[in-house]
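Peer 1: Based on the provided sequences and hints, a complete structural model is requested.
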Amino acid sequence: MSARDEILSAIRTRRVKNAPRPARYAPPPPESDLVKQFADRARRTAAEVQILNDLSDVPAAVADILRGKNMEAAIHLPPHSPFAALDWKTAPGLSLESKSPGPDDAALALVPFGIAETGTLVNPARDSAPASWHFRPGLEIAVIHTRDILPHMENVFARIKQSGALPHTINFVSGPSRTGDIEQTLELGAHGPKALAILIVEEA
Amino acid sequence: MKPRVGLFVTCLVDLVRPQVGFAAVKLIELAGCDIEVPATQTCCGQPAWNSGADKHAADIARQVVDAFESFDYVVAPSGSCAGMLRIHYPELLKNDDAYATRARSLAAKSHELISFLVRVRGMKDVAARSNVRACYHDSCSSLRENGVKTEPRTLLASVNGLELSELKEPEVCCGFGGLFSVKYPEISERLANDKIADAQATGADTLLGADLGCLLHLAGCMEKQGKAMKVRHVAEVLADIHGPALGEPR
Amino acid sequence: MTASTPQEFPAEAHAALSDETLKVALRRLKTHFALGRQLAFTRYGDMEALREQGRAIRDYALSRLDSLLESFERQVKSRGGQVHWARDAKEARDIILKILRETGAKTVTKGKSMVSEEIALNPFLEANGMHPVETDLGEYIIQLRKEPPSHIIAPAFHLSKEQVAETFRESHTELDPRRSLEERTTLVLEARRMLRAQFEAADAGITGANFLSAEEGAAVIVTNEGNGDLTRLLPKTHIVLTGIEKVVADLDDVSVLLRLLTRSATGQDISSYVTVMLGPRNAKEADGPENFHIVLLDNGRSRLIGTEAEDVLRCIRCAACLNHCPIYGAVGGHSYGATYSGPIGAALNPNLLGVSAARHHTNASTFCGRCAEVCPVKIPLPKIMRYWRAREYASGLAPKAMTFGLGLWAFAAKRPALYRFFSATVAWTLRKLGGKKGHVHALPIMNGWFAVRDFPAPQGKSFHHLWAHRK
Ligand code: SF4
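Residue numbers (the working numbering), protein chains in the order written: chain D, 1 to 204; chain V, 1 to 250; chain L, 1 to 471.
Just so you know, these hints were derived from the structure itself, not from any lab.
Check the hints yourself; a few may be wrong.
What the hints assert, rightly or not - Simulated crosslink set (DSS-like; lysine-lysine; CA at most 25 Å straight-line):
1) L:Lys-30 / L:Lys-161
2) L:Lys-236 / D:Lys-99
3) V:Lys-183 / L:Lys-400
4) V:Lys-230 / V:Lys-168
5) L:Lys-414 / V:Lys-94
6) V:Lys-168 / L:Lys-23
7) L:Lys-161 / L:Lys-146
8) L:Lys-378 / D:Lys-17
9) V:Lys-94 / L:Lys-378
10) L:Lys-400 / V:Lys-55
11) L:Lys-414 / L:Lys-461
12) V:Lys-168 / L:Lys-30
13) L:Lys-98 / L:Lys-77
14) L:Lys-436 / V:Lys-230
15) L:Lys-23 / L:Lys-161
16) V:Lys-94 / V:Lys-55
17) V:Lys-149 / L:Lys-383
18) V:Lys-227 / L:Lys-437
19) V:Lys-224 / V:Lys-183
20) V:Lys-224 / L:Lys-23
21) L:Lys-436 / V:Lys-227
22) V:Lys-168 / V:Lys-227
23) L:Lys-146 / L:Lys-90
24) V:Lys-26 / V:Lys-230
25) L:Lys-461 / L:Lys-437
26) V:Lys-94 / V:Lys-109
27) L:Lys-378 / V:Lys-149
28) V:Lys-224 / L:Lys-432
29) D:Lys-17 / V:Lys-94
30) L:Lys-383 / D:Lys-17
31) L:Lys-284 / D:Lys-99
32) L:Lys-414 / V:Lys-109
33) V:Lys-227 / L:Lys-23
34) L:Lys-77 / L:Lys-284
35) L:Lys-23 / V:Lys-183
36) L:Lys-432 / V:Lys-227
Peer 2: Right, dumping it as structure tokens:
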């Protein structure tokens with residue numbers, strides 16, 4: 001017998017329990033409106049959150065964030081990024097990079113879904129957004145539209161399934177990278193981004 | 001008619017501290033019950049059960065069922081023995097056709113002393129006096145197997161002159177664990193020391209508890225290290241029965 | 001440091017009890033993890049309903065383990081991934097080596113995986129010319145120090161930052177020996193820099209999985225550092241190594257378990273990263289592994305099904321039971337001499353290592369019940385430890401002195417009249433020995449008791465005697 005068949009038949013012969021499928025879990029409803037809860041919870045994960053009126057405000061906001069952190073005025077955009085179409089002249093001096101970001105660089109991502117329950121960004125892998133870009137840079141700046149903020153993780157899975165074939169990876173990001181591995185004390189920026197800034201764009 | 005209570009004395013009370021048994025009798029009578037002490041009881045069988053000696057444990061369990069099933073209630077001045085009767089007997093005898101049901105009905109009417117007084121008999125206070133600054137040790141089996149937490153505190157609050165303070169970590173084990181205390185003495189001692197330090201930091205002079213096993217272990221460790229704190233079973237204080245504390249000079 | 005064996009538990013525990021660095025570290029587990037858990041539970045609201053749901057989800061999955069695994073396999077294959085089945089540790093190691101050889105891999109980055117420790121993968125890969133690099137910071141540190149993990153989610157918690165600095169200085173010889181390594185931040189950044197190069201160079205990555213979902217064919221991992229993702233995404237080949245019991249029905253069930261896992265583990269509402277891994281990259285996707293393999297390990301898990309210990313398979317490896325265990329809290333993880341320590345170790349190890357080899361793990365418990373109380377999926381850990389003790393006893397593996405003593409005691413306990421006589425005699429004797437001082441200092445028997453305690457002297461007559469003669 002193959003290992004597979006042997007394992008499966010061992011499970012079948014030994015089993016006595018027959019536990020029923022539990023009813024679907026109803027997570028606690030949001031305490032406030034979704035955007036507010038999302039922003040609050042994201043801040044709790046040590047993300048910085050700003051609310052913008054319009055997508056066209058993104059370049060200036062990016063420039064501001066980089067300046068505030070004393071970082072080089074350069075932002076990495078993946079090939080096919082929807083942000084390439086923005087008017088970057090509103091952020092003079094800021095250079096756009098398309099190569100893969102290094103551990104001290106900043107990268108910009110459009111995030112398709114957010115979770116209000118935990119302030120989480122959800123990134124299904126796709127052609128315009130390499131999954132590794134959420135982990136390579138020192139700073140990730142994530143842009144999310146208010147309409148894409150859903151209450152719970154379950155809602156996001158439902159949306160992704162509706163949209164057709166599943167991607168190779170779905171990355172859920174809540175705050176910057178962190179570790180408590182040295183003396184149980186929290187340090188940010190273990191392997192992934194040392195900082196995460198979220199720009200919530202309010203539009204229909 | 002008064003309910004008939006069978007007192008499960010427990011082997012440690014029988015051997016070391018009979019006055020806890022008399023305190024229990026007094027309190028149960030005050031709670032409006034008739035009390036009897038079946039002579040065919042010995043031990044609840046915990047040492048065997050916890051060591052995995054299931055056959056011995058089952059023999060002893062059957063003996064306890066025989067001796068106590070005719071009572072309205074079975075009460076033990078120990079959380080772990082009560083837990084044995086309430087939780088482990090049904091498990092232990094589940095495949096014994098003659099005893100499975102009887103073990104379950106015994107379990108349903110068995111109680112730890114203090115929780116019996118407060119929850120079943122509605123006792124709210126006692127007429128006792130004691131000028132001690134006490135702290136209370138929740139034994140793991142009282143706390144987690146029997147869900148006893150507020151009951152001893154309710155009754156202690158009514159003891160005239162007694163001042164009660166709380167440990168910082170009341171839910172942490174004291175390291176007794178029955179035979180564990182003999183099998184792994186050093187680990188047991190570390191846990192006892194943590195518990196003793198916690199108790200001493202409250203400023204109390206007396207440590208009370210409802211499980212004689214834990215109390216003998218804690219008092220024994222204190223004796224060995226020359227730490228002065230009196231250790232007593234809570235029933236003694238509630239029943240206004242005094243005399244030397246555990247391990248104290250006569 | 002060489003790893004100890006489970007049989008050496010008493011000696012290891014003895015040494016651990018006087019290790020001051022360890023003591024400080026163990027106290028931090030309480031103040032950080034245990035307290036964090038409590039705060040997270042309070043913030044959430046109805047945690048009890050969530051735990052009950054978690055238990056039910058795991059029980060449902062375990063009672064359909066075969067069909068869920070088949071569904072999982074079908075889904076992974078349909079997206080171009082491969083699924084391998086391993087009966088035991090050796091099969092799993094061989095499968096992994098074969099995959100690595102076929103893809104020409106040499107440098108292998110690794111995400112934190114207890115299953116990898118369980119099958120002792122690293123030494124095997126090294127012996128076969130591979131270069132495995134642990135990338136979780138804690139795992140990286142102990143790999144450099146050649147130590148086993150001391151905790152299932154915080155493998156290096158037992159070390160001080162000075163010890164980590166020393167390790168980095170000895171290992172990162174290419175860096176300036178005069179650099180300052182006093183701050184934790186500096187240490188973290190140094191590891192970040194050193195490991196980034198390894199991620200870029202790796203030919204293959206190996207991670208574990210916290211959950212598998214049957215309906216979608218997903219493997220899910222939870223990390224805070226992002227190392228698991230760089231391990232998966234940068235190399236050409238990604239291998240997931242995990243136990244067969246990790247599967248649940250679907251991603252909604254995973255969502256529920258995630259709420260329990262991170263709160264119980266570190267007190268976080270969610271970890272920084274949760275990654276749902278569904279297959280190799282497809283033509284349209286910008287990056288990701290070209291080859292995706294899942295290795296499903298049994299290694300005795302299926303043997304537990306239908307036994308009184310089967311509930312242990314519900315475990316989601318959150319480590320709450322370790323963080324709340326008084327024994328673990330006194331002696332730490334290395335004392336156990338095994339991959340899994342603490343209460344979950346005591347429940348798993350008799351099956352993995354043998355009832356006799358793991359006897360200290362199951363016996364070194366007071367059955368205080370704290371572990372079962374905090375377990376997010378309500379595993380009755382003391383009941384399972386007791387089950388292993390019963391197996392030990394029934395197979396005649398328990399120490400002879402103990403079975404003999406218990407036999408003698410039980411003989412009397414089953415004969416009330418005889419028992420009365422004995423207890424009266426013992427009470428009287430101890431009372432005499434206690435004399436005026438009221439406690440007995442030593443006896444030629446019960447060394448375990450008298451090693452650390454005196455015995456408070458009995459009052460003299462037994463209760464039953466006094467009761468029978470009361471007026
Ligand atoms: S047994 Fe329970 S508490 Fe312990 S690691 Fe597993 S899930 Fe967590």
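Peer 1: Against the earlier hints, flag every one the structure doesn't satisfy and list their numbers going up.
Peer 2: No numbers; nothing is violated.
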